[in-house]
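For the protein sequence lines, the chains are Y and F, in the order given. According to the numbering used here, numbering within the first sequence proceeds without interruption in unit steps and concludes at 214. According to the numbering used here, numbering within the second sequence proceeds without interruption in unit steps and concludes at 496.
Any given hint might turn out to be false.
Said to hold, decoys possible - The calculated lysine to any residue pairs, modelled on SDA-like cross-linking and capped at a C-alpha distance of 25 Å, are:
1) F:Lys-293 x Y:Glu-195
2) F:Lys-68 x F:Gln-180
3) F:Lys-228 x Y:Asp-88
4) Y:Lys-54 x Y:Gln-87
5) F:Lys-417 x Y:Gly-145
6) F:Lys-49 x F:Glu-141
7) F:Lys-293 x Y:His-196
8) Y:Lys-74 x Y:Ala-96
9) F:Lys-228 x Y:Ser-104
10) F:Lys-292 x Y:Thr-198
11) F:Lys-91 x F:Glu-141
12) F:Lys-92 x F:Gly-267
13) Y:Lys-173 x F:Ala-172
14) Y:Lys-54 x Y:Pro-110
15) Y:Lys-173 x Y:Thr-156
16) Y:Lys-59 x F:Lys-68
17) F:Lys-228 x Y:Ser-95
18) Y:Lys-191 x F:Pro-115
19) F:Lys-228 x Y:Lys-199
20) Y:Lys-74 x F:Lys-293
21) Y:Lys-160 x Y:Thr-118
22) Y:Lys-74 x F:Trp-245
23) F:Lys-92 x F:Gly-102
24) F:Lys-186 x Y:Thr-118
25) Y:Lys-191 x F:Lys-68
26) Y:Lys-151 x Y:Leu-189
27) Y:Lys-191 x F:Lys-91
28) Y:Lys-199 x F:Lys-293
29) Y:Lys-201 x F:Trp-173
30) F:Lys-417 x F:His-461
31) F:Lys-68 x F:Lys-228
Hints in this document: simulated from the structure, not taken from any laboratory. Because the structure is a prediction, the values reported are computed rather than measured.
Residue strings, one per chain:
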Amino acid sequence: MVKFSDEKLKKVDEIVARYPAGKQKSALLPVLHLAQDEFGGWLSAESMDYVASLLHLEPIEVYEVATFYSMYNLKPVGKYMFEVCQTGPCMINGCDDIIKYISDTLGIKPGETTADGLFSLKTVECLGACGYAPMMQLGKTFREHLTKEKIDGIIAECRRNAN
Amino acid sequence: MGRKVLIDKAHIEGIRFYDVYRKNGGYASVEKAFKTSPADVVEEVKKSGLRGRGGAGFPTGMKWSFIAKPEGVPRHLVCNADESEPGTFKDRYLMEFLPHLLIEGLIVSSYALGSNATYIYIRGEYAWIVDILEQAIAEAKNNGWLGKNILGTGFDCEIYVHRGAGAYICGEETALIESLEGKRGNPRIKPPFPAVKGAWDRPTVVNNVETLAAVVPIINLGGEEYAKIGIGKSTGTKLISACGNIKKQGVYEIDMTISVEEFIYSDEYCGGIANGKRLKACIPGGSSVPILPANLLLKTAKGDTRMMTYESLSDGGFTTGSMMGSGGFIVLDEDQCVVRNTYTFARFYRHESCGQCSPCREGTGWMEKILKNIENGKGKISDIDLLWDIQRKIEGNTICPLGDAAAWPVAAAIRHFRDEFEWHVKNPSECLQRNYGLAHYADPRPVAVPA
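Full structure from sequences and hints, please.
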């Protein structure tokens, strides 16, 4: 059964308090982020139901939001998700080669996860780093001015951190 | 050197933190504003001629004056930090390097509008910036700039950061409000406007990050003094995020007195086209605005020098002009393919359409499919006319401007680069090997002389 720690439950209360009384639904997006971080990097039906119960919402209110926003993962993903931007400015700066290189190196296509569960590759639309293209999001941070050498370095770094 | 009033201090070591920011004149505008009435602050912003920096360019002071003030109903200011327009990364720069400038602008603006709870709606991907902003808010609060009875004025204000979760549409103000309320980002039908019925049905003003940061120099200099920067109705400075095939990509503050040519080629700004290539085209204000070929970018159809101002960039309307938009300046050199670029934008808008209105939901996907075919040498000449027809039927037929934003780049690409599209169709295997190139897009245009 999924459940937040007391510390995280305190965080939920803190988030709810940011909004007017009785408008705790406003806390849904931040609390879903919290749930995704806590419960394995994705939102299972169980996690979403848990969030619904915390915020006194109907489960459907949570599902409809979780399915709308692209950052909520509705199925399990790798420990490290490479989210590579493929919109105009990144395309101009060679993101297609970067995507292909990651794909070849890890042996997965966009949307797939490696068998060891370590890496996922996802193509995304503009992340607001057009001047530092090509780029990808990895966890909470952006990795910019990507080259094949940098990708090798990032993969090695992830493998090191995973152990 | 152009005048800078926003990011002139960004290079100072430690400016991200309160002490350094304060030592360098930070929070002076709050002290100054609090000595006057909220109405006086609105008046200064009106005098400044400041126009919304998010893309629409609507006069900020006027927007503020629309806010309804029903008795006993709280009002809210919401800062739109959902920067997602391809080509645009200026708000990120401001928040990352000068978080206190935004907080300072938010305090003054909250005071002007009577907002006791102000929200920063930030795009979910800028996750690390949430930490930077929350730290700045905590510092400001510890030093008495936020909380109850600020500086003894009786004015209370709290600022909260609300993180989105990946949806371009939430940059549209009513979708942003829906998202703030914990719902899907489906834009609302206007009226009622947010100024009357916004977040939680309360009067709400939504402004862009750069707009709210600009309130600081406006109060410090005075509205009239600020309005002296720039040309005509393009007052003040504008942040331009420049990217694509230029030597120096990055965020520049311009005082709206320079030409497009100077912006691209001078060493103070972009430093020219990278790798000794020639300029082919440019999208001067983010992916939604019309793309222009080099010969229409540097000079207007009338033969005038095109300037980096709201008026000059839109000179010629959509037939021969473009827009300032969000300031996302995307430069394409002679090696770039306009069809491919347009295809990536169409894919973007299909991905970001909220699905509420049929013309946008169906049209964006249809355009993407056709453009993908043309790009891959599988298109027909009739596809080009079909694309034109689809974009016409999206534009103006949707609840929010995302439909227009998806239609315009396709329309402009066909309008100015139709021969490049036709070349793709007529040379299906060659277009997979090479791009169309510069062609005639930089040639001087004949200037029509009135009889």
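Practice prompt. Measure nothing beyond the straight line between the CA atoms of Lys-228 (chain F) and Ser-104 (chain Y); if it is 25 Å or shorter, mark the hint as holding.
Written response: holds, 16 Å
Discussion item. For Lys-74 (chain Y) and Ala-96 (chain Y), compute the direct alpha-carbon distance and say whether it is at most 25 Å.
Written reply: holds, 23 Å
Fill in: Distance restraint between Lys-173 (chain Y) and Ala-172 (chain F), which requires alpha-carbon spacing of 25 Å or less
holds, 18 Å
Item to complete: Below or equal to 25 Å on CA atoms is what counts here, so check Lys-92 (chain F) against Gly-267 (chain F).
Response: holds, 8 Å
Discussion item. So if I understand the rule, the pair passes when the alpha-carbon distance is 25 Å or less; does Lys-54 (chain Y) with Gln-87 (chain Y) pass?
Written reply: holds, 12 Å
Practice prompt. Take a quick look at whether Lys-191 (chain Y) and Lys-91 (chain F) sit within 25 Å of each other, Cα to Cα.
Written response: Violated. Lys-191 (chain Y) to Lys-91 (chain F) sits at ~39 Å, over the 25 Å cutoff.
Discussion item. Check whether the Cα positions of Lys-151 (chain Y) and Leu-189 (chain Y) lie no farther apart than 25 Å.
Written reply: With a Cα-Cα distance of about 17 Å, the restraint between Lys-151 (chain Y) and Leu-189 (chain Y) holds, given a limit of 25 Å.
Worksheet entry | Hint consistency between Lys-199 (chain Y) and Lys-293 (chain F) [alpha-carbon to alpha-carbon, up to 25 Å] | Since the Cα atoms of Lys-199 (chain Y) and Lys-293 (chain F) sit roughly 22 Å apart, the hinted pair holds (cutoff 25 Å).
Worksheet item: Straight-line Cα separation of Lys-191 (chain Y) and Lys-68 (chain F) no greater than 25 Å?
Response: Since the Cα atoms of Lys-191 (chain Y) and Lys-68 (chain F) sit roughly 31 Å apart, the hinted pair is violated (cutoff 25 Å).
Practice prompt. For the pair we were handed, Lys-59 (chain Y) and Lys-68 (chain F), check the Cα-Cα distance against 25 Å.
Written response: violated, 37 Å
Discussion item. Next pair to validate is Lys-74 (chain Y) with Trp-245 (chain F); report whether the Cα-Cα distance is within 25 Å.
Written reply: holds, 8 Å
Discussion item. Does Gly-102 (chain F) sit within 25 Å of Lys-92 (chain F), going by the straight-line distance between their CA atoms?
Written reply: Within the cut-off at roughly 16 Å; holds.
Going down the numbered hints, you'll see the structure goes against 11, 16, 18, 19, 20, 24, 25, 27 and 31, while the others check out.
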